[in-house]
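Once you've looked at the hints, dock chain B against the given chain A.
Protein chains in written order, with our numbering: chain A, 1161 to 1553; chain B, 1161 to 1553.
Since the hints were derived computationally from the structure, they do not count as laboratory data. A few of these clues could be false.
It does not matter which identical chain is used: a pair holds within one copy or between any two.
[What the hints assert, rightly or not] Straight line, CA to CA, 30 Å or less: simulated DSS-like cross-link-like pairs of lysine-lysine:
1) Lys1359 with Lys1168
2) Lys1168 with Lys1304
3) Lys1496 with Lys1304
4) Lys1361 with Lys1168
5) Lys1168 with Lys1486
6) Lys1547 with Lys1168
7) Lys1192 with Lys1547
8) Lys1496 with Lys1359
9) Lys1510 with Lys1192
10) Lys1496 with Lys1361
11) Lys1508 with Lys1168
2 protein chains.
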Amino acid sequence: MVNQNMLKLGTNRSCIRELFEYGLRQAAIVGKENVFDYSIGNPSIPAPPEVNESFVDIIRNTDSLAVHGYTPAPGMPAARDAVAAELTERFGLPIRGANIFFTCGAAPALIAVMRALNLGESEFIAIAPFFPEYRPFAESNGAKLVVVPADVPNFQINWTALEASINARTQAVIVNSPNNPSGVIYTRETLERLAALLKRKGEELGHPIFIIADEPYRELVYDGEEAPFIPTIYPNTIVCYSYSKSLSLPGERIGYICVPDCVDDSATVFAAIAGGARASGHVCAPALQQRVVARCAASRPNIRAYDENRAVLYEALTSYGYDCVKPNGAFYMFIKAPGGDAQAFSEKAKEKNLLIVPGGDFGVPEYFRICTCVSPEMIQRSLPVFKALLEEA
Amino acid sequence: MVNQNMLKLGTNRSCIRELFEYGLRQAAIVGKENVFDYSIGNPSIPAPPEVNESFVDIIRNTDSLAVHGYTPAPGMPAARDAVAAELTERFGLPIRGANIFFTCGAAPALIAVMRALNLGESEFIAIAPFFPEYRPFAESNGAKLVVVPADVPNFQINWTALEASINARTQAVIVNSPNNPSGVIYTRETLERLAALLKRKGEELGHPIFIIADEPYRELVYDGEEAPFIPTIYPNTIVCYSYSKSLSLPGERIGYICVPDCVDDSATVFAAIAGGARASGHVCAPALQQRVVARCAASRPNIRAYDENRAVLYEALTSYGYDCVKPNGAFYMFIKAPGGDAQAFSEKAKEKNLLIVPGGDFGVPEYFRICTCVSPEMIQRSLPVFKALLEEA
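Looking at chain A on its own, in the form it has when it is part of the complex (with noise of 0.2 Å):
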């Protein structure tokens, strides 16, 4: 009676839905303080003041008809001009406001490249860890997600895997920097490498290999650290970007496409995109949100809270002897397990209410991850926790 495979994507829960859900649970019965819940990646620093203001001024300002009308299919010319004019700035690459097509946040962005660019089961390449929902992405719109190895235990790119794994078929490698789950940022050594790589075998197989950059962790960078705008390192670079994050929005579904110029025949792959989106039930972005983009552009989150965490949780964490690699991007740890079975040491943390995520899903089973988008106080209380079950263990 219906479709098998729609069933058990939406009876199948992702396992840090069912673990934040258990969290809640939990609390009820032990109290809230003593969960340590460090499943979900939801920003616990609040969108910046103009972001608020702009979308009062704007409901309170503007005529309701104008500023609840439809837009173009690719968004408001306003809007896409700002995003395009913050860019160029930036990253010193121009960027047009016919480079951006407007979206519902980066999971719908993300499949209509992947639809774009499917020529009937194509093979997009994930390099380990990576966000589980590519697999669904691709695999239920006819393509198949082929998974690089990770590089253990630093996270750059195992190349020896990477190269094996680039055929014919293969349309695309997905690029998450900085990652989820590992904080980790690639290189300019590790994107110039990947860059050299994949013109070399575009070469060989006659056809471009894209790079698909996944970047809604684009602005939460640590250290003074770089994290290179990959279109000015290989040409064939589609952006797919989300102001979940950037601007502490995850739920107002808000972000976009970038195809620039660079890209190989840019203008043939930007309507194969907007033919991808229509065909997922895309009519336009949320019209007030591209609005507030429009005024909120350059706007930057103050990311110190996360930076906080970051340093307590990884100066506290290895100096017990966990094994972790810094992170200098995103809001996320990704930690080896005592033992090397993270399942397994989920499943003893889960008992003493530390919640973290076994990394299975992610493709390295031997980690669990956890978010540094949580509060201070709850960190300090957990420590003691996470002390105890690496001596148990």
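Leaving out everything else, chain B in the frame of chain A:
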């Protein structure tokens, strides 16, 4: 290099959008007052005041993290409950919050339902005249759209053709009442006869045939007519709703799917729809818009302006000799083209800067559509042009 179907979808503009943009260009040449644009169904009455007040009040008086955070995929419990309570009270059929799945408008709602019900080249039946996007919604997601020819001139249902179109692959009939483009409401008698037919055919075929009720125009009803709530007549009805027209929020992308408990195995159908939405990149509907709906679920538009336009246009055009069923819903009129070729007639109209939409894409090439969501002044200026065109035909 790109998927050719997606490229076509992204390149072939809708005839309506092309006309609309032609009108904007032409206005710059001959003056806005000399272009009579009846092409696009954009609401011309503003959102009810409480809607804009809610936007402001929610931003002003709710914690920023709470307002803009992710909601569960089907929506905020408070918003789901508000919609369910309003439907229950109004139509007497018990609807629970758990039956409601918020979406980014009706387009992704329809696609999620089609993906959930598509068993592989399943067939969805559209009854002409029908909303042209049904075709890409079905065809770009692996299903087939079967069109039942129109019941001319009253635009209820051609029963012989409908019955002949149902077979073992048929999963659902899409019902759009009040109808775009005809403005007709299916009568209770029509819907009861449809229910009896689908029940009998479902029993013969051994599987339910669903109704997908596409209802963005539910609140736009005139002359005290009734627009029955279809699940009260046919239990296997899945409702797709949008606030685009009813709250004049087309750009804000907020609507829902309702799977009432009376649907066969409704929890399974609901889960498959959740999967269908996830497969298209749905995370949640815009959270701020959900909160507004939670407060304004019972708000109604002031449709007097549409009603007056309808009266003026219907009376004038029929008095000139145009042939048109009197619309009692939505904001459209569907008019027989003098000479019987609406494409040719609309080209002639375009020469006089009168922009009307030929009915070919709606499945009725002898008719054209005009929108009544326009200014009364434009109507008055355009009437002599309608008259002259008929005299020349």
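task = Against the earlier hints, flag every one the structure doesn't satisfy and list their numbers going up.
result = 5, 6, 8 and 10
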